[in-house]
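Using the hints, put the two standalone chains together into the complex.
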Amino acid sequence: MKYWILPLSAAAVLLVPGAGPSPESLLGPLFVEQPEGGPLVIARPQPESPLVALRLSVPLEGGRGGGGVARVLQHLVRERLEADAAGQGARVWLAATPTHAVYGIVGPVESFDALVEILRRAVGLPEVRPLDLEIARAAAAVEESAAVELPEALLRRRLRQALFPSLPAGDGAAVHAVTAGLLREFWREHYRPERMQVVVVGGLPAPTAIAAFRGWRPTMEAQLPDGLPPPSGAEPGRDSRPQALSPWAGVGYLADGLDAASLAISALLVEAQLVGPGIRKASAEAWCHSDRCALVVIGAAAASGLDAKGVARRLRGAVSESASRAETRSVAEARRTLRNRTLFAARTPDGLATVVGEFAERTGDPRGAERFLDALDQADAASVRSVLRALAEREPATAEVNP
Amino acid sequence: MTAGFPGAAGSGLVDLIARRRPRWLHTAWCSATGALGLLLALAGTAGGQNRFTVLEEPSTTAVGLAVVVATGGAVEAESEAGATHLAAQALLEGIRSQLESLGGHASVECSRSTIRFTLLLPARTWRVATDLLLDQLFRRREVNDAALERARARVLRALRLDEGNPAHEARIALATARFGTDSQWARAPCGRAETVAQLGLAEIREAARKRFVPSRATAAVVGPVEAEAARDVLRRALGDSGPPRLPDGPRARPAAAPRFVEKKTITTWVGLAFPLPEEPDTEALELLACYLREATRPSPARPDVHAVEIDLERDGGGGALVVYLVTEPDQAGRRASELRSLVRRLARDELSETEFESLVRRCRGARLLALAAPEARARDAALQLCFDREYRPPAAEIDALAAERLRRAAASLPEPTVVTVGPSRAP
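Taken in sequence, the protein lines are chains H and C.
The numbering of the first sequence is this note's numbering, which starts it at 6 and goes up by one.
The numbering of the second sequence is this note's numbering, which starts it at 15 and goes up by one.
Note that these hints are calculated values from the structure, not bench results.
Incorrect hints may appear among the rest.
As the list claims (entries may be wrong) - Label-pair restraints from in silico Cβ distances:
(1) C:A181 / H:V147: 44 to 52 Å
(2) H:W98 / C:E369: 25 to 33 Å
(3) C:A309 / H:V147: 26 to 34 Å
(4) H:E139 / C:E123: 39 to 47 Å
(5) H:E326 / C:R316: 53 to 61 Å
(6) H:R85 / C:A270: 41 to 49 Å
(7) C:D318 / H:E132: 54 to 62 Å
(8) C:E240 / H:W98: 49 to 57 Å
Said to hold, decoys possible - If you want the footprint, here are the derived chain C segments under chain H, 3+ residues with CB under 8 Å:
(9) 131 to 137
(10) 382 to 391
Since the model is a prediction, treat every value here as computed from it, not as a measurement.
C-beta: ideal position from N, C-alpha, C; glycine also.
The following block holds chain C by itself, in its conformation from the complex (with noise of 0.2 Å):
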């Protein structure tokens, strides 16, 4: 009866994913006549355990709540390019000034397969900020023209900053190259200008009405709040059905040979992309993350580097490691090299103790000051259910890695796609 219940092995997957063992598991598991109470626990609680999760930290003092969507510009059409961004932040706004009277602080973001909401509440007042939060996003979805126009405007802000952009355009070229010109992943995540300012509020209502819908989000709440009250709140909101749906991963090509992208710009901008396994081991995967950020940020002894971005990218097939990289044009394809090398010889060799000690020291200290804050907490716990179908500390994952583990993380990433954005090509 516990069968196709992920995690449901044993006790361990409630301690994973809140703070507080709930009384009745010991009691419902012995009790024969409470077999189909135990179901239907399990089911609900099981389920509601994938979709959300409270992390009980009386001493903050403030509460961070961040709500995943799986969804964004991959279950677009191309005519509608940006709506589900622009249709998340019409919910907010419509919302805003509520919020705000309650003392909230409230952004979205964009992904090719996610919409962000992280919201920072004062103790007092996370409650009812939540509950209007939730309400809004998925039982009301009211978006009226005023809210509608004031997202526009903040939506085209920023991207007619991203037009011209070297950055972004670097990205794009390294997601056409990924995913070919025609689909969906190799478009901007979060739309173009062109095509956002002519999206209606009818085209914006339906986005809102068929994307944001309680089967497709995660939650997390962070902070001095009371777990069971806090677990009431989400359970309301999202229900108990199960692991949260996932648009179908991007179907990424092999590696073809690198890209070169002519722009008259005074530094080039290299992508690669090292596609991750459909089981990504991430903890190991950050952690070789943070190791190629070490071995290639700007430094005097490497004079020509002015940036290195390196970020694990997730969607439903997986993802990818995801590197840029700003260097002068007579160096990037030697810097395109050094990263690929550097992959190549983890994934080789294992690094020795001392090494690898050293390192997990300095990048389990850079992980966890990246989650100093209770949103930046909700907000990895929400992606992590998500993607990973269950929340597991950071700070307990990283103490459990080996030197072996980081080896077979860099071993199992294939050869990276390539993209040069620059001024001309490198020799």
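Chain H extracted, bound-state conformation (with noise of 0.2 Å):
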């Protein structure tokens, strides 16, 4: 099975497959089914909204650079998605990370038919003039340069490149050296729709949903120009120092072997353990790709005193402190927190959506976000006790950023 990276911000931890959905699951019913030549449908209707939401996602595996040359992609199509989304009064948003391309788009159940076709022209290869081109590799280079000029984001990148070495460390040289030719490659490659996994959530029966699929291909091949002019300047991010106003240190600890649930309960734990003088700024996180998990935390100094490495040594403790304050009222607290965080953003059809498809990909089930609910109500004290132990017990990969 394949994962990918999710902060806990959206509570995006491994599960252990198997157990069904729970009775109580707000998450549910899901219907799945691939249909014929289409990408794998996950619907789960909601009878009384007058709203539907579709998020498509294109896995990314393999091939260097691949999001930053779906962000080139999403980026030659945004405008044209936009407008064609609003004059159905819809909404879109696009993301790319090193695993997935996303492309979801929120509007008037009355609009799914028109909103589904959208969605097909999005992912399909666009018609584009060497201008185009050009301006669409310049937006993406500018995101690729933000993901180094900020410190958290760089600490980010260089744990994960830590933690996760099979994934790419940055996108800036890809993005650098998109062409023609590229961009074709990787769309022929990558944006084909037995790959590609679609939710629908909102207020329509589920077979409709699925039918929708079936048959459904991106919109077929265009020329694109050939003669892209070379790409000018540097390649983003390479040259660029972090914008740091105080020390910012992270430290991540490969969780293997780990309960996740439990996993994902002790990120708040330790996160709550940062509070006080000192850190200005924390965040404790479970990640999660190919089969592996660690937990992350990072924290930037307050005005005085820490430098990074003493920062690092300030959250190291707090790991190591954690285990220690996991009792039942704290854990039961922390499930609870991460539970209401989960339903909370599932509470429009765009969020649930958003929150059933990233549990899909990072799992491989797509039950995977119900199955994380049910799991969390099984992580207690002792369980939380145990991975804390554990990854005190280890040396975590460390990043460091001084102003």
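The following block contains the structure:
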């Protein structure tokens, strides 16, 4: 199974598949089918809703700089996509990570057929002029630069590289080198419907949602202009220095063999432990990719005192100390918080599509989100203490950023 | 015996307000000996139905609760400006930690005529949390020093951000032009920092006691709840004694010549307020607002327009369609004229069928997306109950719109009050 990294803010944690959905689950019922010639469809009917959300994801495994090249493709279609969606009273959102390109659209359920068609064009190979390609490449390059100029983003990238070395270190080189030929090749390899997954949430029956993707294919390949001008300027991010006003540090503990739901709860407990003098901003998250999970803690020093090494020591100390504070009450509270965060994130059709879609991508299980909530209910203080003690004995990967 | 009950002409009112039709209705109507019981039942239910509603949505993953209290800056004396909002914040602070332990997220908003509480709650604890909030607002109304000071700090932070903000000054200038300098409707809706800083515990307790009363309140619950249980909770807190009491609406003056307020800014704020009739066609006016937003929003064709905000402001006497537009100083006059012309043209010439259908398709989506979250739907429902005395699902109301209704809505608007706030007179 393949997973991708998602920070805890969206409660993204691996689950052990196998358990059925809880009768109390508010994320289901889910209907899963792969219609002939189309993507895997996960449908969640919400009969009372006048809206429908569609979230389509394209896996980008393998190949260098997948996220960066996908971003270029998305920038090529963004303006037209937004205009088409607005014409239907709908809204779109696009995202690209090292492992997936995501295309989302939400609008009135009466416009469902039109929204499906808009999505089909969005993931097609667009007709573009050389100037359009240059602009898209530049826009993707700006995003790439931001990922290395902001201290928190840079720390995440470095820790990701240390913990999950199979993932590309950065997309700057790929974005810089995008050509028409590379785009065409990338699109042909990755943008095949049978590899895609679409989550449909809203006021229409599941069979209708599934049937709409029968024989669904991205729009036929268009001619991309040859002779795209060579990239100008330096590779984005190559010479950038992070704009840090205070010292930052991050530590990442591989959590192989540890219970995933307990890992998610552990992250919340560690984060609570970091509130106090010396640390201005801190977060603790569970990351998962390719059968591996990790606990990642990132923090910045307050105005006076700690340097980056001192911040790193504090972060490691928080992990060590959290085990002794993992008692029944705090674990129950963390469990409730995680559950509520997930359910609150899922309270709109697009939010629910995102929660279901991200868990499905991460776990390879379309019901991953439901199983996560079930597993949360099973985690207890003993299992959380066990995870934290195991982590505290491991040597973490460390990254630092100084002003 | 049904005279005097709004909408009591048929069972449509019940369907509009609650998704479940009460089984007793048909039986009660048919029974001669149950006439008195019917009167009492209708008095209880219809009155209650005017003040609260439940939208049962089993597939939503969280519960939204909204409570609207028809009170605010408009009922305050000058010396206590902001007391009502501060009291609301203090009441919420008194139970915030309990709400958070139940997984709830709460917020308070103020306007001149309403204070609005919105809660987002987990399905597992919504009932306890709702009881807790309603009990605090309408029965206990406990305000202690610590809660008051936490609330005051929160309110002062927000008010100090407003001070000197040209957008805030534009709003005050427009309200002053509409209602006159001495009117309480011309004041900042949530008060001023200098007044709020000095309000004492006794004053705030008095404001809470006087103004947070069930007879002024409407409420809505939306989400995976059992409708009857939710209605019981709301009925216990709000009672069944008729539609909410609203403060008297403002006495708006006829539109005078456009006013100019000089301020050393780079851009210029233009504010226009089109007064609403006493019983406005709300959905048609929402569509009109959407039409105007599309026609005036920033775009490559309008490089001088930096921002546009268009909203319906409601109060006891109707309200106004209010437009704020940020533009270059030398374009302010032109943009104001353009807006007025758009409304006049629409009032005169109905849109073609194609144009209208296209407009409705775009604006319907935008309206529904604004109500995508359960707490937003709850707030919309509670506000409808407050000002319109009934709840009508927006999706159905939009479907019933026609081009002629849009034209009539535009025609119902008289000339606006216009204020410009900026660095120099626009040519």
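Verification of the supplied hints:
Our hint of 44 to 52 Å for C:A181 and H:V147 is violated, since their Cβ atoms are close to 29 Å apart. The supplied range of 25 to 33 Å is met by H:W98 and C:E369, whose beta-carbon atoms lie about 29 Å from each other. In this structure the hint that C:A309 and H:V147 lie 26 to 34 Å apart at CB holds, the actual value being about 32 Å. Between H:E139 and C:E123 the beta carbon distance is about 46 Å. The supplied range of 39 to 47 Å therefore holds.
Look at H:E326 against C:R316: about 57 Å separates their beta carbons, and that is inside 53 to 61 Å. At roughly 47 Å, the beta carbons of H:R85 and C:A270 sit within the given window of 41 to 49 Å. As the Cβ distance of C:D318 to H:E132 is approximately 33 Å, the hint placing it in 54 to 62 Å is violated. A hinted range of 49 to 57 Å is violated for the C-beta pair C:E240 and H:W98, which are about 34 Å apart.
Only when three residues or more bring their CB closer than 8 Å to a CB of chain H does the claim for the stretch 131 to 137 of chain C stand; here the count is 3, and the claim holds. With a threshold of 8 Å between beta carbons, the proposed coverage of the stretch 382 to 391 of chain C by chain H holds, since 5 of its residues qualify and at least three are required.
Hints 1, 7, 8 from the earlier list are contradicted by this structure; the remaining hints agree with it.
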